[in-house]
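As you go down the protein sequences, you meet chains E and X in turn.
For the first sequence, my numbering begins at 5 and goes up steadily by one.
For the second sequence, my numbering begins at 37 and goes up steadily by one.
Read the hints as simulated data drawn from the structure, not as lab findings.
Be aware that one or more of the hints could be misleading.
Subject to a maximum C-alpha distance of 20 Å in a straight line, what follows is the list of computed PhoX-like cross-link-like pairs (lysine-lysine) [said to hold, decoys possible]: (1) X:K133 to E:K339; (2) X:K105 to E:K339; (3) E:K212 to X:K105; (4) E:K212 to X:K133.
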Amino acid sequence: MIFSPDKEDFFAIFHILGKIMVGLAFFFLIPLSCALLLQEFNPFYDFLISFLATLSLGIFMILVFPYKKEIGWMHSFFIVSLSWLFASLLGALPLYLSSHFRSFLDAWFEAMSGFATTGLSLVEDLDHLSLSCNLWRHLMMFIGGQGIVLAGISLLASTRKGSVSLYLGEARGEKIFPNIIATARFIWKVSFIYLGIGVSIYTFILLKKGLSVSKALIEAFCLFFASFDTGGFTPHAASIFYYHSFILEIVTLVFMILGAMNFNLHFWIWQKDSREIFKNFEIKVFLASLFLLTTLLYFSLDKNSFLSFRKGFYQLISAHTGCGFTNLASFELNKFSQSSLFLLIIAMAIGGGVCSTTGGIKLMRLGLVIKAIFGEIKRIIMPYKAVYKESFHHLEDKVLEFPPIREAFIVTGVYFFFYLLGTIVALFYGYPLIYSLFESVSATANVGLSLGITNPAMPSFLKIIYIFQMWLGRLEFLSVFIALGYSLSLLKK
Amino acid sequence: MKRLSFIFLTLILTFPLYSLKIEEILKNPSFFDGKVVKIEAEVIGQPLKEKEGVWINVKGKTTIGVFFKDSSWKMIKHFGSYKEKGDILEIEGIFHKNCPQHKIPDIHALRIRIKKEGFFKKEIIPSYKIKISLILGIICLTLLGVYFIKDKIWKKKSLS
């Protein structure tokens, strides 16, 4: 039987959505305070308008749509999908008002890229953008990286019954604690501890570079948000290349990898068994894939070991973790050979760990797909009556079973479909194949590396396609598909 | 005479007579690699210290770092940011596709000149932003008022 929603279902959905919008509104107070402190008065009004508009909309929705029905799985997926749409549209307000975007569509693209932790950017004259607006661009990555709804879960008592589905709807495949509130709070706790460490290190490096205290502190926050949440925005148009600092590049590498690690693994290492890092299946898949891709990249680059490391390896980690930082000058990535670009595309398409801030197919799924294929080959080779079972270690020893394999194949297939979709659209606009594929994978896997297709002058329809890809990719399709099905069921009534 | 013409020829070959744009150099980095180039671009950000000198980032359509071994960069008064339009510099320096010292593409400055001085931007707040803020503030307060009244009624109802 197909679930058919009634009026009360929608009231419950929009009521919760209203509460999430109220929560989002309070995040505007951070850049608003920053604007006030730095005496950036134009951005101050931009954030004031955005704060008041979001708060008003949230309260309006709470008032108009009474909460009479407890939410279930279907509602949760619908709420998750809509909250990302609403958040990106409202998050685009201060960006659009800053006059650094050609149209509202560009600002929306930027906001979706921020919340989805992609890092593709359409901002114009970034180096003259206010610090407070820059902070907002990066803060969106932190909010989106943690999960827009996850923030709400920790606060909203009335949604506790539906909180598990809300949590899983934001593409977090695993719970850390049996209690979802505890899981949400643990994720925040881990993030804030890393935030403290990260901001201190970045501030120290930037102060050593000669930046003023206020600038160093704000840029440190921005760099942390973008590296740990594998976002990829930077306060300057030249990305990490701007800083001319090898130490800074190393630190960003560390935080990118930490951000791409499964939060469950963080929990395990911190509180249970630190040796898990040597046994974990995802880590093994990551190291194997990294070793293979680095070796191939070394041969496809100019074979100079230091340059290969600094240039190739950095892009590879940035692509693999879905961050999108680059330490290259604008022309250099475009001068990479097609084979090097293709290796980066593979790294982007794979992504990081499940239950992390990265996009892409994810290491666990890739590992399961490979194991399933090899398992099938072994099964065929072995004697007919032999019983053979594949196993792997992820926090505990697990036997490879059919449901996760099926899920891995389905999600991988859908990812490939959307990688191709964006490529085909870009091809129709006349872009070269490798560029189209690179940009499409970068958008869908929420990476943010670009070969130049993403720019304010690109066709509007392609911008919309990339927005859609970033949204779908961040939520791993399921929530959005269910939301679309949910909406369509209304038409059938 | 021969020596003089040799010096003259060297000068002509090594020093370009007109300023290039950064993107022109970066489009064809191999051609300009190791040569003296003259660019015109806006200074952005802040000076970034390094052991043996200072980095200044300059921007046209794209950005490149200019490395100064001496203190000639100190003549720069305005660095481009939200509040300032940076000085437009004319920089003569050696372009490296892959600098042997820094392992990145850069320009090692030989001479600089401020072609156009930057300035502090005056921040003008459009009146519509103030008006919209006021209107939204009133709407927001009204909605909050309604919400708290409704909340009280709900609580009273549930108690009774």
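Requested in this report: May I ask which of the numbered hints given earlier this structure violates, with the numbers listed in increasing order?
Outcome: Numbers 2 and 4, in rising order.
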